[in-house]
Structure formats: C-alpha cells, structure tokens
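> So you can see what is in the structure, the chains are spelled out below.
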Amino acid sequence: MHIHRYEKYWLGFGFCALVAFIIFMFITAFVNGHHPSGGSEVIDPTHVEKTPPFDNPGLHQTGENEYEADIVAMAFGYKPNKLEIPLGAKVKFVITSQDVVHSFTIPQTTVNMELVPGHIGTKEYTFKKPGHYLVLCNEYCGAGHQMMKMEIEVLDHASKK
Amino acid sequence: MLAKSKDNRLAFAFIATAFLFFFIGTICGLLQGLVRGGVIKQLPYWLDYYKVLTTHGVSLALLFTTNFIYGFFFAGVHKTMGNLSAKVRAAGWGGFWLMIIGTIMAVVTVLAGDASVLYTFYAPLKASPFFYIGLALWVIGSWVSGIAMMAHYFQWKKQHPQETTPLFGYMVVGTNLLWITACLGVAATVVLQMIPWSLGMTDKINILLSRTLFWYFGHPLVYFWLLPAYAYWYVSIPKLIGGKIFSDSLARLSFILFLIFSIPVGFHHQLMEPGIGEGWKFIQVSLTLMVVIPSLMTAFSMFASFESAGRRKGATGLFGWWKKLPYGDVRFLSPFLGMLFFIPAGIGGIINTSYQLDEIVHNTLWVVGHFHITVGAAVVMSFFGITYWLVPHLTGRTFSKSMNRLGILQVVLWAVGMFIMSTAMHVLGLYGAPRRTAYSTYGNDPVALDWFHGLVANQLYLPIGAFLLFLSSMLMVYLFIHLAFLAPKATADERVDFPISEAEHPEEKPPVILDKWKLWVGICVVLILLAYSVPVMDMLHHSPASPGYRTW
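In order, the protein sequences belong to chains U and H. For the first sequence, the working numbering assigns the number 1 to the initial residue and increments by one for each residue that follows. For the second sequence, the working numbering assigns the number 1001 to the initial residue and increments by one for each residue that follows.
Because the hints were derived from the structure by calculation, they are not lab data. A couple of the hints might just be wrong.
To be verified - Each pair of labels, with its calculated beta carbon distance range:
1. U:Phe15 to H:His1542: 16 to 24 Å
2. H:Leu1519 to U:Gly144: 45 to 53 Å
3. U:Phe15 to H:Ala1112: 45 to 53 Å
4. U:Gly144 to H:Ala1112: 17 to 25 Å
5. H:Gly1454 to U:His132: 17 to 25 Å
6. U:Lys82 to H:Ala1112: 34 to 42 Å
7. H:Arg1312 to U:Ile3: 16 to 24 Å
8. U:Phe24 to H:Gly1094: 49 to 57 Å
9. U:Val19 to H:Leu1199: 44 to 52 Å
10. H:Phe1154 to U:Lys92: 32 to 40 Å
11. H:Val1512 to U:Phe15: 44 to 52 Å
12. U:Phe15 to H:Tyr1327: 27 to 35 Å
Owing to the predicted nature of the structure, the values given are computational and were not obtained by experimental measurement. Virtual Cβ for every residue (Gly too), placed ideally from N, Cα, C.
Working from the sequences, and respecting the hints, build out all of it.
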C-alpha cells in the first residue's frame, strides 16, 4: 500500500500531537488531580431522605475553611434551595437524585455534575469570587425542567468586618 | 430495464421516507428556536416544548438519517455491483417495512404525549411500552436491510474472485458492520431492560447500566451518520470535480479505523457521572481520540484530490487549484460547505472528549451547536448534494440548470442559518446556557438574563438561524418533490448518473488484509471487551435499580 510522502508527514505530525495531548491530559488528571465530578458511593434511590447525609441536607463544616454541601435533587428543584458559602472555602458537593436523572450545574464554573439515581456524585470546588451564583439542571428531567434551579451566595466575611 | 427499476424503487422508498421526516423534523426545529429565543414564550399545552423536541430529535437524528443512508446505499450497491438478487431485494423491503411499523409505533406514542423522553430516552423516565417496542422493531428492521446489502457485496465477491471489490460496496459493508455492532448496546437496554420494565414485568431498572448501553451505541451512531457522507466524499466527489480517487487503499483503511475506534469510547459522554472509575473514563477518552487518525487521512485525501483535479485542469502555483473547483455545481458545493463546517466541528469534538474540558461544555448549548455543525451541516449538506443527483437518477427525470440554481440558494440559506445558530450556541454554552431546556430566565436571574443580552452569546440568534434553516428545508422539500414527481422525464442523453470515480492508480490493488472482515470485527470486539468488561460487571453488581417516573 503506497502512502504519499506528504501524507506520512501529515499523519506523523497528527499522531505525535495526539500522543503529546494524551500525556498532557494524563498528567493534569492523575498527577495534579484535576478530575471531573464522579463518586463511587451508592444509595437506595427510594429512601434518599432517610439516608445520611441526605436526611439533613445543607452546608456542614468539616474542617478549617472546609465544608461539605449535602444536596438532594428532585423534579423540579433542590433541597436546600439556597446555600451561603464563605469566600475561599473548599466545598465538597455531595449530591444525589431522589427520582430521575438531573444535573447540578453552576454556570461559568467547573461544577457540572450528572446526578444518576442510586449513585452519589461528588465534586470539590473553591469559590474565588464573592456574589450570587445560579445553579441549574442541564439534564432534561420532565415538564418543569426549565424551572429547576437553586442559588448560591458566596459571602466575603473579611470585607464585612 | 425492469430489474433496475425494482432496485431503484427500494432505494427511492427509503429516500422518500427520509424526506417525510425531514419535513416534520425541521418544522419542529423552527418551533424550538422560536421558544428558546423567547419569541414564543409558551407553546399551546397540546404542543409541549419537550414533545416537539423529542419529535425533532427522533425525526432528524434517527429517521431522516437512517432512511436516507439506506436509500443512498441501496442505489449505490445496485450501481456498482449490479442487480440485487430477488432474496436480497425482498430482505431489503422486509427491513424497510419493519422500520416503518416501528417508526409508526414510536411516533404515535410521542405525539400522544406518552413518550416525551427525548431521543436519548434515559431511564428512569418511563415511556409507553409501544415506544420501546417500536424502537426495537426499527432497529431489527435496519439490521435486516443492512444484512441484505452486505449479502449483495459478498455474493458479488464470490462471483468475481479475481477482482478488487468496488470501493462503494466496501464502505457499505464497513458502515453496516459498525451499525450492527453498535446497535447491540441499544438493543440490549431496550429489549432486556426497558420493555419488561415498561410492561410492568419488572418494577425497577438499573439506570447506570442502561445509560452505558445507550452510549455504547450513541457514539458510533454519529459515525454511522458520518461514514455515508465520507463514502460520497471519497467515491463520488472526485468524479464531480474532474479528478480521481487519491488512494483507494487508504480510503478503505480509514473506514476500518473508524470501525475499530468508534465503539469502545461511550464513556466520554458520561464523564460527569458517578459510578464509573476515573481510570476507565480516561482509557475511553484516549481511545476516542484515536479517531483523529482516520479523520486526518480523510482530510488529506480530499484536499489531495481537489489539488490533482485542479492541476489536471491547468491550475498553476501553490493554491491555483482552489479556483478550478466547480463551486457552481450544487452536487459539489453542498458537501464542500459541509467540509468547511467539519473543520471547527472536529476541533470542537476533541474539546468535548477532553476529560476536564468537558466540565465546561457538558450538556450546555455548546454541545447542541457541535452536533448541528457535524450531523446538521457536514453530514446533512453532503446528503443534500447527493439528493440533487440521486433523486433524478432514481426517478429517471432531468436535473435542470434552474433546479441547480435553486439548489445553490437552498444550501447557502442552510449554511448561513447554521452558521448563525451554531456560533451563538457554542458561545452561549461557554457561558453555561443549558441544552434541552424550554424558554426560561430562571426567575429573572441575572446569569440567565445575560443569555438574552450578549453580542454573540444571545439566544435571539437561535430563532434567526432556525428561520433561515426552515426556509432552506421547505425549499429542499419542494425540490425533492419536483425531482421525484414533476420534472420532465430524461431522454437517454439527459439521464442523471450515479457518480463513481476511478482510482488514481487502478493498477495498485488494495492489500488482501483489508478484506479480512472477521479480523477487523475481532479486533473491534477485543477493544470493546477491554474497555467495557470491568466497569459493566461493576454496574451489574453494585448499581442500585430504580422505579420508573413520568415527569412530563
């Protein structure tokens, strides 16, 4: 099979770029720890509201400047429907759905979690700008999908004092 | 030539069905654009947004594409390998009618409002059992027709043991093998999980497993759309521009690479979800990116055949051949514009699959913009180009200069509409605007209101683009009807032919190994088992099942 010389250069360049790209992505993922949302814990999807931590949804402090946000998604909203988070705090979102597939998405951040009933999704994030954030569902979940939202207020305590 | 018309009648039945759903689907597209841009804030209750969205997706992504592909393929295998045997033709018709029955069942349940589950029908959204049974019949019908085409190829090969198989036939076999292997996933979730569950025989469903089986199918589905467009690019376009196929063997190799690397990659659609290990996601991301190789091969081939055709016509200098391309011929112009769309579309695809980058764009309007320039431009514009010669070829009518001019208007309208709409969608996606969502300001939230005020990131571009696309599609439907039923019958020297190019080096035989289909399917199966066995076993054992819901 004859391959034109220029095509060999072209494919060689493409293949090298591809390998370099995969190595770069691998390092950012497994050395620097930049992974998209995930999680290996499971839960009975029909008993979410009775299972910790979702029996007490909300923001819970877990360390100095570290919090866990336990949230339940449902058609068509979130419990709680508002969170206040201190600026610069490391927040671990721990979220599940009690009915169909939803998402927990904060536009213009890297928080974009697919919520599969029966599984618990997790994602860590640190808010670096104070102010109002909209949370919405970007996975179609039914007739009221376009209404499904909550709010996050990132508070700058230092500037208030 | 009665036998000829028999095969062409089968091809025409598929093409006509395709355009019926093109008509329905693009009307839905206009309605969605109007709602999303806030021009119509609320559709009447009997025409709910998500019902329209489901009809749009099912009509265009599944029904238009598949029917068109089968019509094109049947016409092409008839052209390159002669009359179908009576058995093969009967199987082709059998598949056609099974697909029609399945389609009617699914479409009626969608229109009745019993299946507003979108064309991805993710559990635990639970539609009427008729929807799932219709889908299963449709898939089985597509297999029957696909196997008929492959049988025709292997019969030809048996009868011509010394000859190289026609490139078109080879591509038909590659595409159908891809389709059948891919459909095993969706067939498994529909037949084993969803049908018993929707009939009430089981009360719960393993959601993560179902999603995984769907995306095992969902990604190769996009290559199933793309490969027939590639077949047109490789086999017919060189002829239209007065050139030759740059390399017959490399064209075959690129189809093999698509077959191997398009299936064990579905996790890149599930990067944001729990229950799948990070290592497994990363392995499938890497396999996904391998598709870069056959894509670069195809790009090289296209431009190489453009250049050699231009030089054959006397072009000089480094880029003189650009001026020698037949831009006034809609059969070339349409797929050519599609190729231009495919350059940013391919780059966008790499972004989508790139693990961390997907966090920014996953399930946003970016993704909608992406598949509107891949399938909605590169693929569909190739299909438009095919339509302008295939329909008069099948019906024995003329394709006049004035039809060609209207055709150019049609594809330019489409390209402009798609450019406006998809550019806005991409940018809106970067700002977080969600896909598959009716008109909403989220209670006048400032973040969402910004999506109506941007210079580029503005949802008002969606109805503007959708309106141009709608005009273009109505013109296309008119031209289809004209070419099918109204244009004058062609005399012998006006006959429109199926363009089949010659190879640049016909003396060079493709390596025998490229025809070892069992080997390639075997490699494909091994990669699938490597990429999927462990995570799927994990899902079978650990993923909790859930009852069904009807939330619409």
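> Output the numbers, in ascending order, of every earlier hint that fails for this structure.
Result: hints 1, 10 and 11 break, sorted rising.
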